[in-house]
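Chains A and B, in that order, are what the protein sequence lines are.
Just so you know, we're using the working numbering here: the first sequence kicks off at 1 and counts up by one.
Just so you know, we're using the working numbering here: the second sequence kicks off at 1 and counts up by one.
Think of the hints as simulated: they come from the structure by calculation, not from any bench.
Be aware that one or more of the hints could be misleading.
Simulated coverage check for chain A against chain B, where a stretch passes if three residues somewhere in it have a Cβ under 8 Å from a Cβ of chain B [as the list claims (entries may be wrong)]:
no. : region
1   : 87-100
2   : 239-252
Rough simulated footprint, nothing fancy, chain B against chain A, three-plus residues with beta-carbon under 8 Å [unchecked claim]:
no. : region
3   : 53-62
4   : 72-83
5   : 284-291
6   : 319-330
C-beta atoms are modelled at their ideal positions from N, C-alpha and C, and glycine is treated no differently.
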Amino acid sequence: MTSSPPPDFSEKSGPPASTGVRPPASTGRSGQSSLKGNSRLGDSVFFGLSAGSGILLLVIMAAIAGFLLFRSGIAISKDHTNFLTTFGWDPDNILKPSFGIAVLAFGTIVSAAIAMLIAVPIATGIALFISHYAPRRIAQPFAYLVDLLAAVPSIIYGLWGALFLVPHLNGLMSWLNEYLGWTYIFKTTDPGAPARSLFTVGILLAIMVLPIITAVSREVFRQVPRAHEEAALALGATRWEMIRTAVLPFGRPGIISASMLGLGRALGETIAVATVLSSSSVLSLHILDAGGGTFAQNIALKFGEAGPLGKDALMAAGMVLFVITLLVNGAARLIIARRKEYSGANA
Amino acid sequence: MTTAPSVADRTPVPQLNHTLTAARLPRWAPAGVAALSIVLGCAIGAGAGLASHLQWGLLAALLFVAISFGLAARVEGVRQAKDRIATSLIWVAFILAVIPLVSLMVYTIQQGAGVVNGDFLTHSMRGVVASSGPGGGIYHALLGTLQQIGLATAIAAPIGLLTAVYLVEYGRGPLAKIVTFFVDVMTGIPSIVAGLFILSVWNIGLGFQYSGFSGSLALAILMMPVVVRSTEEMLKLVPNELREASYALGVPKWKTILRIVLPTAIGGITTGVMLAIARIAGETAPVMMLVGVWDSINSNPFVGPQESLPVFIWQQYSQVNNQYGYARAWGAALVLIALVMGLNLIARGIASWRSPKAGR
């Protein structure tokens, strides 16, 4: 533990090392009291600055909540219909402004749920692949590639989704409709129409959140104590049994919180959804049919032509979204905090 | 003593083989089964006249799983068979993930490569009738994006850095815990919510108009928590011996932080900031809401609407919405992806070049 840092000090930080030597020399010249006074002032200024920025962050969070609440309060009080159960979105109607989040909440939850159903098992599989299955040669570059893909802007996912994924999903859609149409969920009322549905949005969101879920769960799987794995193998377990008995139980909180981080992202995704979904104020359980909407997508689309009350109404939708993501992310962080070593916030 | 030589020279003693080392499928078995199931899948697919090659592949994959399970269960036992199933499922997950991600990259490069050229990079859309033909470029959008992320970095990087210093160097007690928690939660704020917040305070509350600066305020909110988290990780890696050595020489704390701790971690901090920049460079929704859209060059980010690359893509896709618009959108997408990936690669390069090694 103690042998390595001193060389670190001398070779890595040349300039700091020399500054570290200089102060005693200047101490002799400038005198004890002035140095002390100086350093106290400097210390308190610096402490004030850094604590101040920490507090500033808290103030920003509080201000976001406060302003959105204030604005949405204005909007909801002018709403002539029930904000929670109304389907349509017509806040700029001068005579009878009416808007509600029923369709948006439904669409947001359904698309995020589809994304999670697809992404979580696959991401867990990829994380296991990187940490336990892949040959070293492949694992490292592949992990790197996954990290890079987390940085692809969502507008590009949206463009790809609208111009590449949608036409290519038509076959799958008609197959699902043909063989699973009896489930009601997979029934298509308008076969052959472009697949700009909540289901497609769910698939696109799954692809978008794969990298982050993979990155966080991979870090967790890497931290499984080697001794646990070797003990399982020594008792005669196959590799899969070792993973089931040693790796997955250790990594479960990590998988859960990674999924919730991904969920938070899927819930708040805006522009990719707006690009792919052809929205309408229809709440339909036929998830293959075009239509529906999500909170974020609705805000982005309706913002351009929104009047004063329209903007406030969008803030109300934003407030609901903010609260939902706050709860999801907060829960994820609380789970993650039980094991302090991995946080994944920088992934 | 008696078993060792017999195992070593592999004498074919069937009973011994069964009790000591259970029978195994030969090493080439997975490859063999894969080849067999691909042949079978193609045969059935062609025989039944299935049009889509995707269905052939699915058939082959199903056959592979079934045959290898059956074979392994017969020869090696059920536990080994389950192990083989798990292995093949995990490989399937890998392949399933690679297909869309690679397709995204390849398709963007394919579509965008023909559009991007010197003309495209150095001209704006001023005077170009976007819907009726090719032409025009992204210079105004590139300029706007660079100015906006520059301003956002100038706001977010110092605040994020100081917050991280507070958390690592001073942070004890409840305030630090609360800040840590809310920084984590703040990473998950949807970008559109940050946009709405700036809209309600800056534009509606204080009466400012569309400008690049109000966009950068929203981007700064999105960037701060990322900077805090990555800087925090880096500051934690600075060995404590360095700080103690500095204190022992009589250096005050603030000077120790400024001259010893931060320079040691500067590589990692730079990496974190650049990753955060890469993250906000592609933000569309808040920028569209706060900066507006504009088809000409506006080099003053404080007055008037500006264009930015993501908004340009969105505009060309959703408003122009024909082949010319799509072509320009793909060109801009390629430039944006190159920008983001370039930032990422540089950041990771810096990280591996001079990151403090964890004390071990």
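Evaluation of the provided hints:
1. 87-100: With 0 residues in contact (Cβ-Cβ under 8 Å with chain B), the coverage given for the region 87-100 of chain A is violated.
2. 239-252: holds (count 4)
3. 53-62: n = 8 at 8 Å, threshold three: holds.
4. 72-83: violated (count 0)
5. 284-291: Violated: only 0 residues of the region 284-291 of chain A have a Cβ under 8 Å from chain B.
6. 319-330: holds (count 7)
The structure shown violates the earlier hints numbered 1, 4 and 5.
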